[in-house]
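K.L.:
From just these sequences and the hints, can you work out the full model?
First to last, the protein sequences are chains A and B.
This note's numbering puts the first residue of the first sequence at 3, with every later residue one more than the last.
This note's numbering puts the first residue of the second sequence at 3, with every later residue one more than the last.
Check before you lean on any hint, since a few could be wrong.
Which copy? The list can't say, so a pair holds if one copy fits it or any two copies do.
[To be verified] The list that follows gives simulated cross-link-like pairs (lysine to aspartate or glutamate, DMTMM-like), each with its CA atoms no further than 20 Å apart:
#1 33 <-> 110
#2 285 <-> 149
#3 294 <-> 17
#4 224 <-> 152
#5 246 <-> 173
Hints are computed from structural coordinates only; laboratory data are not their basis.
Computed from a prediction, not measured in an experiment: that's the story for all the values here.
Number of protein chains: 2
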Amino acid sequence: MLSRKDIQQTARRIDEHINRTPILTSNTLNKMCGLELFFKCENFQKSGSFKYRGVSNAVLVLDQEERKKGMITHSSGNHGAALAAFASSMDLPVFVVVPASASQVKRDAIQRYDAEIIDCGNSLESREIAVRECLAKKDMVFIPPYDHIDIVAGQGTVGLEVINEIKDLDEFWLPVGGGGLASGNVLSVGNTVQVVGAEPELARDAYDSLRLGARQPQMEPKTCADGLRTALGSLNFDILRDYKLPIVLVGEDEILEAQSILMSCLKILVEPSAAVPFAAILKNGPKNVSSKKVALLISGGNLAI
Amino acid sequence: MLSRKDIQQTARRIDEHINRTPILTSNTLNKMCGLELFFKCENFQKSGSFKYRGVSNAVLVLDQEERKKGMITHSSGNHGAALAAFASSMDLPVFVVVPASASQVKRDAIQRYDAEIIDCGNSLESREIAVRECLAKKDMVFIPPYDHIDIVAGQGTVGLEVINEIKDLDEFWLPVGGGGLASGNVLSVGNTVQVVGAEPELARDAYDSLRLGARQPQMEPKTCADGLRTALGSLNFDILRDYKLPIVLVGEDEILEAQSILMSCLKILVEPSAAVPFAAILKNGPKNVSSKKVALLISGGNLAI
Numbered sequence: 003m004l005s006r007k008d009i010q011q012t013a014r015r016i017d018e019h020i021n022r023t024p025i026l027t028s029n030t031l032n033k034m035c036g037l038e039l040f041f042k043c044e045n046f047q048k049s050g051s052f053k054y055r056g057v058s059n060a061v062l063v064l065d066q067e068e069r070k071k072g073m074i075t076h077s078s079g080n081h082g083a084a085l086a087a088f089a090s091s092m093d094l095p096v097f098v099v100v101p102a103s104a105s106q107v108k109r110d111a112i113q114r115y116d117a118e119i120i121d122c123g124n125s126l127e128s129r130e131i132a133v134r135e136c137l138a139k140k141d142m143v144f145i146p147p148y149d150h151i152d153i154v155a156g157q158g159t160v161g162l163e164v165i166n167e168i169k170d171l172d173e174f175w176l177p178v179g180g181g182g183l184a185s186g187n188v189l190s191v192g193n194t195v196q197v198v199g200a201e202p203e204l205a206r207d208a209y210d211s212l213r214l215g216a217r218q219p220q221m222e223p224k225t226c227a228d229g230l231r232t233a234l235g236s237l238n239f240d241i242l243r244d245y246k247l248p249i250v251l252v253g254e255d256e257i258l259e260a261q262s263i264l265m266s267c268l269k270i271l272v273e274p275s276a277a278v279p280f281a282a283i284l285k286n287g288p289k290n291v292s293s294k295k296v297a298l299l300i301s302g303g304n305l306a307i
Numbered sequence: 003m004l005s006r007k008d009i010q011q012t013a014r015r016i017d018e019h020i021n022r023t024p025i026l027t028s029n030t031l032n033k034m035c036g037l038e039l040f041f042k043c044e045n046f047q048k049s050g051s052f053k054y055r056g057v058s059n060a061v062l063v064l065d066q067e068e069r070k071k072g073m074i075t076h077s078s079g080n081h082g083a084a085l086a087a088f089a090s091s092m093d094l095p096v097f098v099v100v101p102a103s104a105s106q107v108k109r110d111a112i113q114r115y116d117a118e119i120i121d122c123g124n125s126l127e128s129r130e131i132a133v134r135e136c137l138a139k140k141d142m143v144f145i146p147p148y149d150h151i152d153i154v155a156g157q158g159t160v161g162l163e164v165i166n167e168i169k170d171l172d173e174f175w176l177p178v179g180g181g182g183l184a185s186g187n188v189l190s191v192g193n194t195v196q197v198v199g200a201e202p203e204l205a206r207d208a209y210d211s212l213r214l215g216a217r218q219p220q221m222e223p224k225t226c227a228d229g230l231r232t233a234l235g236s237l238n239f240d241i242l243r244d245y246k247l248p249i250v251l252v253g254e255d256e257i258l259e260a261q262s263i264l265m266s267c268l269k270i271l272v273e274p275s276a277a278v279p280f281a282a283i284l285k286n287g288p289k290n291v292s293s294k295k296v297a298l299l300i301s302g303g304n305l306a307i
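P.N.:
Structure, rendered in structure tokens:
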């Protein structure tokens, strides 16, 4: 399994390709929560989300011959946009299988970087069939969205930046969808800070999987947090189970309320998925320990405006 | 008149009170405009706009006795919120005269910092009467919104940060309303970079004033850029006339289009006034000189979401 050292090496590999994203703070939000909060703004990452980290690592570990074949993935959003953006920066061809349910803004983000979009149905099966059909026609490299060691390593690099910049950090809160982000950061910084997950009540497969000790299927999630509708990956489940990741569940109204507060106080665009950890903090109620230092990952900013 | 040295001293005076705001870049926007663009994000300044700089300077130059009397100003928005936020951080009482036409989000921003709001009519006269009535009842210090040397000096500090961070910058584009921001930065960095103003067609008093060589009245401006409806100040007019500030006018649709592009590409909240310089850049059309380095001031991010 990946060690912190491996992920430090990943950080060096992708360093010149990614943005060093800012960490924002707000006295108003600190007072509201009774905590010292630090918002790591991956909405300012290239392509608008942390997904760019994993994608750039997964492509950079390939040799030149493989890269030239081109890349393919399936994605309803940020992973597809990230792969399209990175491949375009390297002048590599890229195909993204996009389900009909993908939001227009995310479809636009994928198209902006000259990816070829292949439409498919909404089920995971329909996506996978479309990918297989493409691969049968043309030899390309499949870049999986989250359940892969190179993706996990890339996502884990964000935690290294967080603990380097914030001394004596107590907790690092992250949204949990497919689990690539959470498991990467458990592996990179989970020994130094307490990593905590947050998940929509309406897409609670990770919460249930960890509670029951066995991976549970995702039940057609209807949450507004479109980035977190994916099922927990199998590799990621093992990592999060071993860490005993605590997960806080939040409702839809809580997510939208948190999103609105973050946007008006921090002056940043925050997609619903990215507001889920703050929703969880708000749900826990104000603390009286303002000395406690808590970082939150703002995972992305791709939303219609 | 203020020299760069004076404004450097101002920067040291306010340094510990303000945020060092980030400068964002975007490959997508660079390609769109054929320029190397740098967005100085004063929407991340305390209270959500650059106005915090001028206000903190205007209060910090006062002695303790004066400060304790409390502060008063009139403002439909960001200046009032900035004064309320700064006074609240220093535990000083503050009163803000707010015209009926002020947007709810800006009224909320003023109220958030415990300022006492005094309602008045929409005309400048009605605002000034309300201030005089308050001053007749209670001895306080009036902190003017833009036409004052301490305010101008504070606003000019942002340009110093911009030229320190961006080597070989060619131009610095700013929105022009009352002219405090533009004149402060003409004085602080106008000798090093070309300062350029941008103004809504529907609030073009600065453009007309500079073209005709005499200050023109502001004609009940209806622009969506609510921060730029104020009339050009008399002190500021003199400074901008001496510099021969070029000003580009933009229409309402151009402002809204620019605001939308900035928000979706930079992932930040941008109020309409803050999008005016980018609207002017877009209006000028794409350049073929991508080596030209242009900074734009994002003046504020207080808008309803």
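K.L.:
Are the hints correct? Go through all of them and say.
P.N.:
Checked hints:
Proximity of residue 33 to residue 110 under the C-alpha cut-off of 20 Å is restricted to the inter-copy arrangement: shortest distance 17 Å between copies versus 38 Å within a copy. With identical chains, the CA atoms of residue 285 and residue 149 are never at most 20 Å apart, being 29 Å at best within one copy and 45 Å at best between copies. In this assembly of identical chains, the alpha carbons of residue 294 and residue 17 never lie at most 20 Å apart, being 30 Å within a copy and 26 Å across copies at closest. Taking identical chains as interchangeable, the C-alpha atoms of residue 224 and residue 152 are never at most 20 Å apart, the minima being 29 Å within one chain and 54 Å between chains.
In this homomeric assembly, residue 246 and residue 173 come within 20 Å of each other (Cα to Cα) only inside a single copy, at 15 Å, whereas the closest approach across copies is 54 Å.
Checked against the numbered hints given earlier, this structure breaks hints 2, 3, 4; the rest are met.
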